[in-house]
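**Q** Here is how the chains run, residue by residue.
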Amino acid sequence: MMLLSIDLTFLLEKAVLISAVIAISLVAAMYSTWMERKVAAYMQDRIGPTRAGWGGLLQPLADGLKLFMKEEIIPNASNKFLFVLGPGLAMMTAMMTSAVIPWGKEIHIGEKVVSLQIADINIGILYIFGVVSMGVYGIMIGGWASNNKFSLLAALRGASQMISYELAMGLAIIALLMLTGSLSLRTIVEQQSTGWWYFFKQPLGFLIFLVCAFAETNRTPFDLPEAENELNFGYHQEYSSMKLGFYLFAEYINMFISSALMATLYFGGYDIPFVNDANLVNSWGVNAVAALQIAALFGKIFLFIFFFMWVRWTIPRFRYDQLMNLGWKGMIPLALLNMLVTAAWQLYRHA
Amino acid sequence: MEALTNRSKAVDRRPMTVWEKMYLPVIAKGMGTTLKHFFMKKPTINYPEETRPFSPVFRGLHVLNRDEEGRERCTACGLCAVACPAEAITMEAAERKEGEENLYREEKYAARYEINMLRCIFCGLCEEACPKDAIYLSETFTPSNFTRQSFIYGKPDLLIPDPVKEPELYQKAKGERAKKN
Numbered sequence: 001m002m003l004l005s006i007d008l009t010f011l012l013e014k015a016v017l018i019s020a021v022i023a024i025s026l027v028a029a030m031y032s033t034w035m036e037r038k039v040a041a042y043m044q045d046r047i048g049p050t051r052a053g054w055g056g057l058l059q060p061l062a063d064g065l066k067l068f069m070k071e072e073i074i075p076n077a078s079n080k081f082l083f084v085l086g087p088g089l090a091m092m093t094a095m096m097t098s099a100v101i102p103w104g105k106e107i108h109i110g111e112k113v114v115s116l117q118i119a120d121i122n123i124g125i126l127y128i129f130g131v132v133s134m135g136v137y138g139i140m141i142g143g144w145a146s147n148n149k150f151s152l153l154a155a156l157r158g159a160s161q162m163i164s165y166e167l168a169m170g171l172a173i174i175a176l177l178m179l180t181g182s183l184s185l186r187t188i189v190e191q192q193s194t195g196w197w198y199f200f201k202q203p204l205g206f207l208i209f210l211v212c213a214f215a216e217t218n219r220t221p222f223d224l225p226e227a228e229n230e231l232n233f234g235y236h237q238e239y240s241s242m243k244l245g246f247y248l249f250a251e252y253i254n255m256f257i258s259s260a261l262m263a264t265l266y267f268g269g270y271d272i273p274f275v276n277d278a279n280l281v282n283s284w285g286v287n288a289v290a291a292l293q294i295a296a297l298f299g300k301i302f303l304f305i306f307f308f309m310w311v312r313w314t315i316p317r318f319r320y321d322q323l324m325n326l327g328w329k330g331m332i333p334l335a336l337l338n339m340l341v342t343a344a345w346q347l348y349r350h351a
Numbered sequence: 001m002e003a004l005t006n007r008s009k010a011v012d013r014r015p016m017t018v019w020e021k022m023y024l025p026v027i028a029k030g031m032g033t034t035l036k037h038f039f040m041k042k043p044t045i046n047y048p049e050e051t052r053p054f055s056p057v058f059r060g061l062h063v064l065n066r067d068e069e070g071r072e073r074c075t076a077c078g079l080c081a082v083a084c085p086a087e088a089i090t091m092e093a094a095e096r097k098e099g100e101e102n103l104y105r106e107e108k109y110a111a112r113y114e115i116n117m118l119r120c121i122f123c124g125l126c127e128e129a130c131p132k133d134a135i136y137l138s139e140t141f142t143p144s145n146f147t148r149q150s151f152i153y154g155k156p157d158l159l160i161p162d163p164v165k166e167p168e169l170y171q172k173a174k175g176e177r178a179k180k181n
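Protein chains in written order, with UniProt numbering: chain A, 1 to 351; chain B, 1 to 181.
These are calculated hints, taken from the structure and not from any lab test. C-beta atoms are modelled at their ideal positions from N, C-alpha and C, and glycine is treated no differently. Take these hints with a grain of salt, some might be off.
[As the list claims (entries may be wrong)] Taking lysine-lysine pairs in the BS3-like style, the calculated list, with each CA pair at most 27 Å apart, reads:
id, chain 1, residue 1, chain 2, residue 2
1, B, LYS174, A, LYS201
2, A, LYS329, B, LYS29
3, B, LYS132, B, LYS174
[Stated by the list, open to error] Here are a few chain A residues that sit away from chain B, every Cβ distance over 10 Å (derived from the structure):
id, residue
4, MET43
5, GLN44
6, ASP45
7, THR50
8, ALA77
9, VAL114
10, PRO273
11, LEU292
12, GLY299
13, LEU326
[Stated by the list, open to error] Chain B stretches covered by chain A per the calculated footprint, using a threshold of three residues with CB under 8 Å from any CB of chain A:
id, region
14, 29-35
15, 40-50
Construct the entire structure; sequences and hints are all you get.
**A** What follows is the structure, given as structure tokens:
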């Protein structure tokens, strides 16, 4: 009977947490589009959207409304089921990663201790890699179902790019795992809040992870699947209305999640910089510190998002052969080297 | 072919050096440039709210002027129509009747006065030709409309607001360019 005795408060807690995380990632992604336009404008000596709301703050809503109002076109020759599935899958895989990211330590509601993480699973990083790899399906299915040879080519391009860079990303993570000895993201964050951030122990690993994150999220300089100026979009060529919006939106959610991931893995996650969190809990109380921790994590995330945009509006796109050269001949050997050096260091230290 | 100007630059096609092949230092340099621009002052002018200052010789849409008491200055002499190189101006004269002295300054006035703004080239010759200072080019510009017909401006569109009844509107329509009277 143990299986049937479900703890209702537990269910409620998780349901609230899941909705909150989904809502927050959606809003953050929405406002990333606003931020993107503003950052792009400021870097090009313009001022960006200013008309919709104060400082153009309602611009994302206007954009969303516009996408909803647009005519929905499903090509005759397309595979309708897959055509609709593609953007949904892209969106879903983008959202699923957020399940294992710890957004803060814990809060106390009355007697109850609520951990600010949807699921603290002991294979957190493996789960993330599994889900991120599924992101390729969104692109592949979208390109395939369009029944357009150019979409298909672009989808192939995107898929091969993501697979190539996933390798180097995985190798960079292995080096990190040698230090942490755990796959649980919460443990990794806890280790960083007491000791050094892993960025200082794994600078090369972080660099590789960062570059691969750019490739995984299809951001410039690796936005070859899209290539909006010379190849005119690519795998979502045939999409219109909100289905196109989903693809574009999934990119921003991906960016948000990978920023959160980088902050968690290398920059201490919800650890408040320069302060000992444990001491702060004693003087300020758990809930206030949890709020500060969430703020700290979001600060880090938005710095990373700004960095993504900063890079996008600075450098041009790589050519496809350059991309593959960099991935296979640059990133992977470098990641292997990083892994070997870390392994040797760990052996030396523990021997 | 020999270069026609000294401005052309040969493209550097040397293979990338090791430093450049590392990408990151050069990218960092580029990102420094964009960050510098991020904090620069923006030259944007928020158009409808802000406008660029006009040159003193700016020539916008025409205005038919009134005198200080609000009477129309135009006497329908036709000199502007003759001066107009684009033949955009047509008018019909009429004689002032008893009791209309507060409307028209002289015995003859323009009953109909039309400027086709699509023909007009905004050269300002009408303004130069006018002996009565009745027409001048204001600082109003960018008219918009749905039909071509509505770009033929009649007297209601052209006449300046009455300086006695609506002094503020009058000053606004008059702008900086009108002659001092």
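**Q** If a hint holds in the structure, say so; if it doesn't, say that too.
**A** Taking the hints in turn, this is what the structure says about them:
| no. | hint | verdict |
| --- | --- | --- |
| 1 | B:LYS174 x A:LYS201 | violated, 72 Å |
| 2 | A:LYS329 x B:LYS29 | holds, 24 Å |
| 3 | B:LYS132 x B:LYS174 | holds, 16 Å |
| 4 | MET43 | violated, 5 Å |
| 5 | GLN44 | violated, 7 Å |
| 6 | ASP45 | violated, 6 Å |
| 7 | THR50 | violated, 7 Å |
| 8 | ALA77 | holds, 41 Å |
| 9 | VAL114 | holds, 40 Å |
| 10 | PRO273 | holds, 22 Å |
| 11 | LEU292 | holds, 28 Å |
| 12 | GLY299 | holds, 19 Å |
| 13 | LEU326 | violated, 8 Å |
| 14 | 29-35 | holds (count 5) |
| 15 | 40-50 | holds (count 5) |
In summary, the numbered hints that this structure violates are 1, 4, 5, 6, 7, 13.
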